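Below are the chains, spelled out letter by letter.
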Amino acid sequence: MSNGPFGQKLFQALLRIDRRIIFLVIFLALSIPIFLGLRIDITVTQEVRLFYNSVEALSSGSRVLLSFDYDPGSEPELQPMAETGFRHLIKNHIKFIIMGLWPQGPMQANKALTRINEVDEGFLVDNGDTLYFGRDLLVVGPDTIRYGIDFINLGFQAGNELVIQRMGSSIRAAFANDARYGRPIDQFPIMNGLNKLSDFDLVINWSAGYPGTVEWVQFAVDRFHVPCGAGNTAVQAPQVYPYLDTGQLSGLMGGMKGGAEYEQLTGMRAKATMSMVSQTAAHIFVVLFIVIGNLAYFMTRGRKKEGRA
Amino acid sequence: MFWDTFGIWIAALLTIGIVSFLYRDNPVYKFCESLFVGISAGYWFVSLYYQNLLPKLFDNLGITKLLGLSQNDGAFQHIFSGHWDGRIWYVLAGILAIMMLLRLVSKIGWISRWPLAVVVGSTAGLYMITYFQSNFLSQLQNTVIPLVAIERIRALPSAGMTADQFFAAYLGNLVLIVGTLTGLVYFYFSKEHKGALGGAAKIGIYFLMITFGASFGYTVMSRMSLLIGRLYFLFGDWLGIVR
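Chains as they are written, first to last, in the working numbering: chain A, 1 to 309; chain B, 1 to 243.
These are computed hints drawn from the structure, not numbers from a lab. It should be emphasised that the depicted structure is a prediction, and the values quoted were computed from it without experimental measurement. Treat the hints with care, since some could be wrong.
Heads up, simulated EDC-like pairs for lysine to aspartate or glutamate below, C-alpha to C-alpha not over 16 Å straight-line [what the hints assert, rightly or not]:
no. : chain 1 : residue 1 : chain 2 : residue 2
1   : A       : Lys91     : A       : Glu75
2   : A       : Lys111    : B       : Asp4
3   : A       : Lys111    : B       : Asp237
4   : B       : Lys56     : B       : Asp73
To spell it out: a stretch of chain B is covered by chain A in this simulated footprint if at least three of its residues, at any positions, have a beta carbon under 8 Å from a beta carbon of chain A; those stretches are [what the hints assert, rightly or not]:
no. : region
5   : 2 to 13
6   : 99 to 108
7   : 223 to 230
We put the beta carbon where it would ideally sit given N, CA and C, even for glycine.
Okay, chain A solo, but in the shape it has when bound:
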């Protein structure tokens, strides 16, 4: 590479580049693929396959606890996973119990159910005048699920990891009533025989921080020996990877890429898959900027030293 006067000027200009140009490039890299509707092949990693297999291994009628531990701020990363998770469980005739250690978590679950209702026509429908989403939900289509029988929303419970600890000995001590009707959970058939955490066949945790996957591993997995799979924001994923190697987590999805891999495995390609071209394009530009920035820095550093001498 030339390090003559022109090269020097070019590198110095690159070091002084207005950061708004970088923002603009990233904006274009993210936006253009959205409009073009491009798709790329997604390689499925072992950790996501483990998660998928842990759900596939469940028999029809198994009961899974879904803990929604995130808020709208993490929706782009975790909502696609949650939607695919619902579709996957419903398709395999697995019953699910929704809860949240974050106040907005159970609302995100409702939002995901509403969304799959809109996208998968006839998946969730009203039944005449009395049934509508939010009160007496009836889910029909190729797979029919009913509130209180095939799924239930226990809502949010304050107390962070102590809620998990309490559920270890008694679910009713932590959640006396359901979130939709405020009725005692014993009135719903899905709760028959579900007394403590170890009665669940699997715990799935969608997590954006504290309390989240770390707490579920520490309390539910290590103390009460319930298998747990998790979907995490990309920021949090490196923190929980060690739990995967030890088998404390039965599977892990990290960020939107993890969601896209899950969509690939279930054959239900949705938002995460659609976003992968944008994400890849942005990553390419970030790597380019890092390489160019370092190159320019090292190429001009020698000249500065010479100047000082």
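Place chain B on chain A using the hints.
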């Protein structure tokens, strides 16, 4: 329908207002930021009251019944009628909460250290066991792995693994062991990092840097995902030009 559309417009305008900071600091950004801070504070205040104080303290003790705000009996009503109710212990939590608030009174602010001590002590006790089990013992156990296991090499054809997969797995073991040991050496400060110890510590630094790099990469990925989510909102939900 109107309110849905209205909400989308408000969300879109606020998103653009916040993003405008990328161009330069401006009054619109300041307004959006202040609005966010104020709404967050209000939301959390209401959320904590209705999800903690009201159901756990006031309802359980029967204060809401005393004030005529609830039909359900609490601990006070049961105890006054001659029946024991274990929820009366919530009184202790209430006292600790009031003691915590006393830090607002400068002369007796020292009392707030007592409930703080209870919180610190109970949290430390709770986590001592869980972290020891989940983050220390389990991780340590997983680091004690064979570098080479001859019997498994012999069993390769029946194990369903190709030679490449097998050696990749063992290379992973080697990296894990070397990374753990050299990382620990780097944090050993009782002896000067010279000679073999210095070399090992230097390798440890490289492992740490790669770890930080991986974390940074994931963070970049996360932020891009959030931006993609906002772009889908702006182009799809707001403008309706993408599905």
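Verification of the supplied hints:
no.	hint	in the structure
1	Lys91(A) x Glu75(A)	violated (23 Å)
2	Lys111(A) x Asp4(B)	holds (14 Å)
3	Lys111(A) x Asp237(B)	holds (15 Å)
4	Lys56(B) x Asp73(B)	holds (13 Å)
5	2 to 13	violated (count 0)
6	99 to 108	violated (count 0)
7	223 to 230	holds (count 7)
Going down the numbered hints, you'll see the structure goes against 1, 5 and 6, while the others check out.
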